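Peer 1: Assemble chain U onto chain A, guided by the hints.
Number of protein chains: 2
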Amino acid sequence: MELYSHEYFMNEALKQAKAAFEDGEIPVGAVIVCRNKVIARAYNQTETLNDVTAHAEMLAITSAANYLGAKYLVDCKLYVTLEPCVMCGGALYWSQISEVHYAASDPRRGYLQSNTGILHPKTKVYSGTMGSESEALLLQFFQNLRK
Amino acid sequence: MELYSHEYFMNEALKQAKAAFEDGEIPVGAVIVCRNKVIARAYNQTETLNDVTAHAEMLAITSAANYLGAKYLVDCKLYVTLEPCVMCGGALYWSQISEVHYAASDPRRGYLQSNTGILHPKTKVYSGTMGSESEALLLQFFQNLRK
Numbered sequence: 001m002e003l004y005s006h007e008y009f010m011n012e013a014l015k016q017a018k019a020a021f022e023d024g025e026i027p028v029g030a031v032i033v034c035r036n037k038v039i040a041r042a043y044n045q046t047e048t049l050n051d052v053t054a055h056a057e058m059l060a061i062t063s064a065a066n067y068l069g070a071k072y073l074v075d076c077k078l079y080v081t082l083e084p085c086v087m088c089g090g091a092l093y094w095s096q097i098s099e100v101h102y103a104a105s106d107p108r109r110g111y112l113q114s115n116t117g118i119l120h121p122k123t124k125v126y127s128g129t130m131g132s133e134s135e136a137l138l139l140q141f142f143q144n145l146r147k
Numbered sequence: 001m002e003l004y005s006h007e008y009f010m011n012e013a014l015k016q017a018k019a020a021f022e023d024g025e026i027p028v029g030a031v032i033v034c035r036n037k038v039i040a041r042a043y044n045q046t047e048t049l050n051d052v053t054a055h056a057e058m059l060a061i062t063s064a065a066n067y068l069g070a071k072y073l074v075d076c077k078l079y080v081t082l083e084p085c086v087m088c089g090g091a092l093y094w095s096q097i098s099e100v101h102y103a104a105s106d107p108r109r110g111y112l113q114s115n116t117g118i119l120h121p122k123t124k125v126y127s128g129t130m131g132s133e134s135e136a137l138l139l140q141f142f143q144n145l146r147k
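Chains A and U, in that order, are what the protein sequence lines are.
The numbering used here numbers the first residue of the first sequence as 1 and each following residue consecutively.
The numbering used here numbers the first residue of the second sequence as 1 and each following residue consecutively.
Calculated from the structure, these hints are not laboratory results.
A quick note: this is a predicted structure, and the numbers were derived from the prediction, not measured.
Honestly, I wouldn't trust all of these hints.
Note that identical chains are pooled: a pair holds if it fits in a single copy or bridges any two copies.
Claimed, not checked - Here are the simulated DSS-like cross-link-like pairs (lysine-lysine), alpha carbons at most 30 Å apart as the crow flies:
# : residue 1 : residue 2
1 : Lys147    : Lys71
2 : Lys15     : Lys147
3 : Lys15     : Lys71
4 : Lys71     : Lys122
This is chain A alone, in the form it adopts within the complex (with noise of 0.2 Å):
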């Protein structure tokens, strides 16, 4: 079996991101990687779907907990483009996953700027990994909203 690289999910996150710029939302991808596996794939959608709670972590969290049929995502390692916020980090939290890699950082809203644990003490954290990539995205996204 080939195994991926980091490098090969966070682009398929990143993927998920310009599927969300396509549909003008703010372009943030999530997938969540099982046994060397993408078993849940997810763009922001709080636009389309009216609804704060609709961030790409959130809706890839419920997919993949239907997909392996059990709500807790113990052997799973979630990608997302851009750091997690509060919201997202008290879900992934409660779902025990095993790492959390995200490309770029959020100095406004990410669970970073909280200064107390969020994430479970289990939990693996990784960035950095085509942070410029999904920064990119983000800026052109908003440039666009300004003109």
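Peer 2: The following block gives chain U in isolation, referenced to the frame of chain A:
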């Protein structure tokens, strides 16, 4: 028009918590009120929906936005039987809800554990209404679980 009290609305939330209890779910219930009218009712369904994100507050936020046809709940009040967790606190931030009323405190996983502002600065918070009724229901649930 008759104006209902906070106790009236919290009791409506408590009815939802009791429905959760009957379904074998951790008994937490919520209602969202807009202009003196309940526009959304929900209870915790994490077991039934096999989804860690299916807290009463999350389902109520989605339902209220659907009812209003508007993403932001600026003129709405949440009544919930337990202090919201970090995930729900983060969702309430995005919703820009006017008021949050919770019955019982959750010193273990309540959003107040985090010492940075999780809720929106415009959101007013009230606590304690029917707190002992909510606590008694939760206690009974966990005592039954241990039997």
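Peer 1: Take the hints in turn and mark each one as holding or not.
Peer 2: So, going through the hints one by one against the coordinates:
Taking the shortest Cα distances, Lys147 and Lys71 sit within 30 Å of each other only across copies (23 Å), while inside one copy they are farther apart (43 Å). For the homomeric pair Lys15 and Lys147, the shortest alpha-carbon distance inside one copy (24 Å) is at most 30 Å, but the shortest distance between copies (49 Å) is not. For a Cα distance limit of 30 Å, the shortest separation of Lys15 from Lys71 qualifies both inside one copy, at 26 Å, and across copies, at 26 Å. When the C-alpha separation of Lys71 and Lys122 is checked against a cutoff of 30 Å, the pair qualifies only within one copy, where the shortest distance is 16 Å, while the shortest distance between copies is 34 Å.
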